[in-house]
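Enquirer: Now for the letters of each chain:
Number of protein chains: 2
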Amino acid sequence: MSEKQVFFFGGGKADGRAGMRDLLGGKGANLAEMASIGLPVPAGFTISTEVCTHFYQHQGTYPENLVPEVELNLHKVEEVMGAKFGDRDNPLLISIRSGARVSMPGMMDTVLNLGLNTQTVEGLSRKSGNERFAYDCYRRFIQMYGDVVLSMKPEKKDDIDPFEEILSRHKEAAGVDQDVDLRVDDLKALIVSYKKMIKDRLNVDFPEDPGEQLWNAIGAVFNSWNNDRAITYRRLNDIPGEWGTAVNVQAMVYGNLGEDSGTGVAFTRNPATGDNVFYGEYLMKAQGEDVVAGIRTPQPINILQKGDRNLPSLEEEMGDIYTELLEIRTKLENHYTDMQDLEFTIQDGKLYLLQTRNGKRTGFAAIRIAIDMVREGLITKEEAIKRIDPEQLNQFLRPVFDLSQKRRAVEEGRLIALGINAGPGAATGKVVFHAEDAEESASRGEEVILVRIETSPEDIRGMSASAGILTSAGGATSHAALVARQMGKVCVVGAKDLKIDYRRRSIDTGKALVQEGDFISLDGMTGEVFKGRIDTKPSEILEVLIDRTLEKDKSSLYRDYEALMTWAKEIKVMGVRANADRPEQAAQAVSFGAEGIGLCRTEHMFFEGERIDSVREMILAADEKGRKKALDRLLPMQREDFKGIFKAMGNRPVTIRTLDPPLHEFLPQEEEEVGDLAAKMGVEKSLLEEKINSLKESNPMLGHRGCRLGIVYPEITEMQVRAVFEAVCELVKSGEDPHPEIMIPLVGTAAELELQVAVVRRVASMVQKELSVEVDYLSGTMIEIPRAALTADEIAAVAEFFSFGTNDLTQTTFGLSRDDAGKFLGDYLDKGIWPSDPFQKLDQRGVGALMKIGVDKGRAAKPDLKIGICGEHGGEPSSIKFCHKTGFNYVSCSPFRVPIAILAAAQAALSDDK
Amino acid sequence: MSEKQVFFFGGGKADGRAGMRDLLGGKGANLAEMASIGLPVPAGFTISTEVCTHFYQHQGTYPENLVPEVELNLHKVEEVMGAKFGDRDNPLLISIRSGARVSMPGMMDTVLNLGLNTQTVEGLSRKSGNERFAYDCYRRFIQMYGDVVLSMKPEKKDDIDPFEEILSRHKEAAGVDQDVDLRVDDLKALIVSYKKMIKDRLNVDFPEDPGEQLWNAIGAVFNSWNNDRAITYRRLNDIPGEWGTAVNVQAMVYGNLGEDSGTGVAFTRNPATGDNVFYGEYLMKAQGEDVVAGIRTPQPINILQKGDRNLPSLEEEMGDIYTELLEIRTKLENHYTDMQDLEFTIQDGKLYLLQTRNGKRTGFAAIRIAIDMVREGLITKEEAIKRIDPEQLNQFLRPVFDLSQKRRAVEEGRLIALGINAGPGAATGKVVFHAEDAEESASRGEEVILVRIETSPEDIRGMSASAGILTSAGGATSHAALVARQMGKVCVVGAKDLKIDYRRRSIDTGKALVQEGDFISLDGMTGEVFKGRIDTKPSEILEVLIDRTLEKDKSSLYRDYEALMTWAKEIKVMGVRANADRPEQAAQAVSFGAEGIGLCRTEHMFFEGERIDSVREMILAADEKGRKKALDRLLPMQREDFKGIFKAMGNRPVTIRTLDPPLHEFLPQEEEEVGDLAAKMGVEKSLLEEKINSLKESNPMLGHRGCRLGIVYPEITEMQVRAVFEAVCELVKSGEDPHPEIMIPLVGTAAELELQVAVVRRVASMVQKELSVEVDYLSGTMIEIPRAALTADEIAAVAEFFSFGTNDLTQTTFGLSRDDAGKFLGDYLDKGIWPSDPFQKLDQRGVGALMKIGVDKGRAAKPDLKIGICGEHGGEPSSIKFCHKTGFNYVSCSPFRVPIAILAAAQAALSDDK
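Taken in sequence, the protein lines are chains B and D. Numbering-wise (our numbering), the first sequence opens with residue 1 and increments by one. Numbering-wise (our numbering), the second sequence opens with residue 1 and increments by one.
One should not assume that every hint holds.
If chains are identical, the list can't say which one is meant, so a pair holds when it fits in one copy or spans any two.
What the hints assert, rightly or not - Simulated crosslink set (DSSO-like; lysine-lysine; CA at most 27 Å straight-line):
| # | residue 1 | residue 2 |
| --- | --- | --- |
| 1 | Lys386 | Lys360 |
| 2 | Lys852 | Lys885 |
| 3 | Lys823 | Lys629 |
| 4 | Lys680 | Lys13 |
| 5 | Lys823 | Lys696 |
| 6 | Lys852 | Lys862 |
| 7 | Lys4 | Lys554 |
| 8 | Lys857 | Lys841 |
| 9 | Lys885 | Lys857 |
| 10 | Lys84 | Lys195 |
Hints are computed from structural coordinates only; laboratory data are not their basis. None of these values were measured; they are calculated from a predicted model.
So that you can see chain B by itself, here it is in the shape it has in the complex (with noise of 0.2 Å):
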């Protein structure tokens, strides 16, 4: 523990700067360099996190010396402040606040306006010379610090919360719709009821000591690390539990001082788009969380976002003031060299700043800004790389509407309601109005659209489980369009057209009723919401890319992607290539940028047309003699299939995996179907159903499948083999230049490899022998059982390459059937016994210690042996961090994930400087 765990910000100095994120929270670094850089920042202090550490370690006891060091700093916020804390003249108030080293945006507590009670609530009165003004900001305290602090929840599931409820009886008595519209002895007697309520329900007095409630806040904000929705944000977002968050206690700004008070946010780019030009919102007579809850409509911050929307914007009602943001936002630009997210309050016609971190974008956004930033000189191709998230790739990727279908939509009048556009793309699916309903309808395959007035941090799962997400509250800042943007999913926010009935579980529009299980689809580019299902289809980059039905020039984004997808192959090390088993999926692939095949599964090309058939007799022969009668009519059939795959991929290397699956993989299951396959085969079904079962395994994972077939019927390994050199001679002869890798799998005994690579040598010197022409081909082999990697040097001594499974790697490392995993996975990941979906995320201790044996053991048998990984882990970003530290030579992964592993890999590239 540091000796100073309090750190002053205030009048142009501070205790901490912006490198202090560890120690003061993202919040509280930030808002000690915004006071170091001369802006306008309320004074205030933060405790640090380790303070938190502490807090949790000691049974939710401070380190001693807090007390005094609190004490301190409160009295430099008085003195720079000019009033002083409990003071019943002229009272200083506070906001408590949490801020981890990054953002967790709405999932920890705050209390704002710390410090009233009813002495200094008439002080705060006559400092203002506004009693309304001052009664509000006690009943709202009351209301905060009731929730955070006391708990006061609703009592069941489905009622609201009870100050809200109290709240709405006043104003209905009052007979006022708006909150504002309250006079001051409507909120006197609020304040009663709400004082009473909390009474009645905890038979303690609400209290009136400002110490009180400034230990109490504290404490309040400590706990809510450790809430529901905060442990589930973290687990989400690999947040590690032990690092805390900061306390910041800063001197409290008024926006809802008077007519010449109001508070915002802001972006300094457009985080929807990217684009260059300063986007927020504001709300005149409000505190900030006003704007954030989505309750009021907040208004446009500038003329060129208003449109043609019927509200005035600052830049028109308050010149002076927007003309001031705009150069803090310039000055903020070019100190953090990113975009900033920035709180703004105005308070009696002056500015302050509150805040200000890295703003939340679209992966669009992201990838413009990024290289907007390089090409005006504030950032370097290599920054610009390292700030996006891989995965925001994803939306370049994403589905649009159909437009003919789209534009009948309009036509039929099935356009129901306008929102706005908080996260990209287009999505259609069935109504739910619920995170439970979404999670559940999602489990059983069911595309859905989550429908909420207003989304808050439970319904996290709920979201990610969903196509997109629909509200009729909220605006481009508030937590739907944050979260929805993070996870890449399509959201629409603040459709206020909507009512949304959770009980009737339906939406009126007025023109139209929706009802839960109806379809409705959304677009995220624009806001629309239509009634029914229109479909969707590949995004502008696909377009250029795949569909080839639109100029790359004419495309602003595909320049965007394609400046970003050259530095990144610039900057990366490893080989990206994809795992695909047919011509156009490899076809795809080179399009996504793939610089080879890693995997082609040979068995997925024998369920195509009738040749099943003749993979069946293979299978359910009585002897090798039927056996190669079969694989005879098989043989021309697979060579095509290479010869498609190999001429999509020019001279690029094409990895190819002998038959893998169990055979009764291939075998009907149904009754009928064997009575078909019967007569066919002109034998009796009762034998062919004995012969079906005699290939029936205890545990097919674990059964008669990989090399294993290979090893006991050489001759299937000979006709792929003899495939794929016959397709590669043919195309040589015809001034090709392909690069077979021929790949046995699952070895976990050099003795298999040495068997099987000996019928490749062989059969491969026979097929170029017998065509007159010379191959350039490797033999290796996939390391997918943990043997192969405890054996590695064996095996390398035999193998010109590895390429781990990860997928099977991992069930056997964890001794976990994938199909088998769901019974338990939930519990598993509630539990925090993993963190995360090893199936998803390559488990780096376990499995990770594994591959690195494996590639540590192969290395030292064969030093250039050439490495990579074929397994889903080989597209996710953090798994190939981990393959580029271990010294792979190249990941492979799905077409559509090439870009993302490209992206990631640059940056894994970077992460070496470091």
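Add chain D to chain B, keeping to what the hints say.
Expert: Frame of chain B, contents of chain D only:
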């Protein structure tokens, strides 16, 4: 390659000695040793194994100085023996024999009488004054050289040897029955026929040049190192192919020279019983191969051995020679301090020793000889322990067949099938096909053999009720084999020739039809299956230890066994525990010397009596409440089981594993049973079926089992822990001293163990408080999936002990299901991919490497971590040695293997001294 490649012996001198076994092979080293200590060995020389290695590395050629070295040594032999190789008047004849580091009896080739041709045969005739002898030598030489060097084999598979065929023809023509009755002219004609056949088949003349004969024979012997049967023998006996063989060239001496000549083999003690008596056989007028080949019936070496057979013994026929042999016997045993197997030849009344080596012996003999030799002061206790193959102890512990009845059964053609010898011992009984029938018959006091295609956990009670178990499918580690071994049941598995028809209740072997109720007999040592009854009897040791029908001091066998066990226990370092699931098994284990229980599988108790109903209700309960109700009923039953086990074990530690198998293993499979259960539970049958189906898994081995059950249903762990501690506390109260060790299965992540250990600690302390008793206990985990070994440091932080479950660890490390491996295991062993079944012998390279990682990481985190093994390998000697070397504290195996493990552990400890 050493400078010297050829090593002379003879005339009281030798270049080599016994310690040079690696270079000279066993035979060559012993010949040198015998020559040095003054035994009458015919002179000769040994070509070293290094020449063999060179031969294989250089396409069958020799090092360049070999030819002069051989010539030089041949001259020395000529000098000592007073004859000259190839000399037409005084020819030296020689033998060419293989000799590897360890004896591979009969696997490689030998040529005798080399050096004869149309000239030297006349010289031999003149020199010996016995023309018939000379020509008989010549025809034998041609026959042997023809077979070994010229590969004159039968042309068709079922033909007899071509030389034997010609010999028979000539005997018929000469009107004689025996080879010895052929006259000189007959032999000369025979030689002409032999040579003609060779010329006809090969189109070359039989070589006349003795030098050509010599080098061809040397080449043939080197080549025979890699003949099929030698390769197979090496695989079965773990002899590396790189060792190579030496070649011994030695002057011939003749047991077929005349009336005073003969040849024999002898053991310095009885190799079957171990009795300290000279034991051997001989034939007059014969060469060595006549004795070994068993063509003529050999005569006993002395009066004692002759018994009441009407055959003269050597003691009677040639008293002086016998006395000389007795002296040599003493000399040899004193010199080699082990029982010797020697070959001798008497030529014209003069004795020569041709070979001596450590004699092979039965388990009984091995132990008796070792113990006697300790008592005689020949060897130390440690040396005695080292000499006994632990597997031989099996012979002490198992019921055995009445030998004369078994011999008769073979003669009568009642040997109907051969399977894998999975559970040693002999059993006879009536055939039943269903576990319930076995129970029923057993309850009537009938001995039954349960015959199944394969067994499943439901069959456990039936297996327990049977005298023996026979399956047609599965391997040595199939369910049937594992359970049988654990129960100490006689078991033969994988008897593929059996066609089992459950419907007709019959077995068809092709040769025989066996109906339900017919008697069959199983030899679990050999895998033989007999039709009909063969009486068995318990082994003497069991009569003392288990049946108590024989008093200790009345059994000399028991005294030997006890001496051996006492010494082994003194020497061994590791503890030896047993895997036992029931009180009676625990008691058995203690009788066999177990120092604790290393694995108590609580689920095995679930099948007893009516409790399976409660188990099923627990599994099928709709919610936690339902589960708890069923668990409450199971609690007292488990408690009583545990009490029984703890009582049997006294103050020895007992490791109890919490529930491990996938729950569906407990559910009924047959439709009828499901109906019954539904009725009992009072639920719809269709609902029950649905639930049962929902529990089915694609890969149950990798599914919801082990601690994953306890994580999702902590109440199951709670009940089991409560049962253990209630049992323990009650025993402590009544003055006993139980030591429970709670073991959590299938842990892969430290957090899993943490959660389960938390349950253990909580419940344990609750029960201790309730019953006011304090108990010492440990909680630990199995290490049975690779991830556990790889993260053993994290897991060790939570565990007080590790127990390696090498059955599962082998499955996951190899990616290989024990139940499915049968489909290709045979191919894998035949092709030498695996040296042995990895489920029987621990795969030290792969699985062992992982275990070493686990031990190293575990001990790095917790230096005094207790480490054991409880997989099948815990009772297998080579695996036990590995565990010792890797620093294990104990091994645990099935009760019947405890003595074997004790001996193996002692040997492992002794191997440290090397």
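Enquirer: Each hint: holds or not?
Expert: To see whether the hints hold, each was checked on the structure:
Proximity of lysine 386 and lysine 360 under a CA criterion of 27 Å is satisfied intra-copy only: 15 Å inside one chain copy versus 73 Å between copies. Both within a single protomer and between protomers do lysine 852 and lysine 885 lie at most 27 Å apart by alpha-carbon distance, with minima of 10 Å and 25 Å respectively. Proximity of lysine 823 and lysine 629 under a CA criterion of 27 Å is satisfied inter-copy only: 23 Å between copies versus 43 Å inside one chain copy. Proximity of lysine 680 to lysine 13 under the C-alpha cut-off of 27 Å is found in neither arrangement, the shortest distances being 88 Å within a copy and 79 Å between copies.
In the homo-oligomer, the alpha carbons of lysine 823 and lysine 696 lie at most 27 Å apart both inside one protomer (23 Å) and across protomers (11 Å), since each shortest distance falls under that limit. For the identical chains of this complex, lysine 852 and lysine 862 are neighbours both inside a copy (15 Å) and across copies (24 Å), given an alpha-carbon limit of 27 Å. Taking the closest pair of Cα atoms, lysine 4 and lysine 554 never come within 27 Å of each other, the shortest separation being 57 Å inside a single copy and 85 Å across copies. For the identical chains of this complex, lysine 857 and lysine 841 are neighbours both inside a copy (24 Å) and across copies (24 Å), given an alpha-carbon limit of 27 Å.
Taking CA atoms no more than 27 Å apart as the test, lysine 885 paired with lysine 857 passes in both settings, with 16 Å inside one copy and 23 Å between copies. Proximity of lysine 84 and lysine 195 under a CA criterion of 27 Å is satisfied intra-copy only: 25 Å inside one chain copy versus 127 Å between copies.
In this structure, the earlier hints numbered 4, 7 are contradicted, and the remaining ones agree with it.
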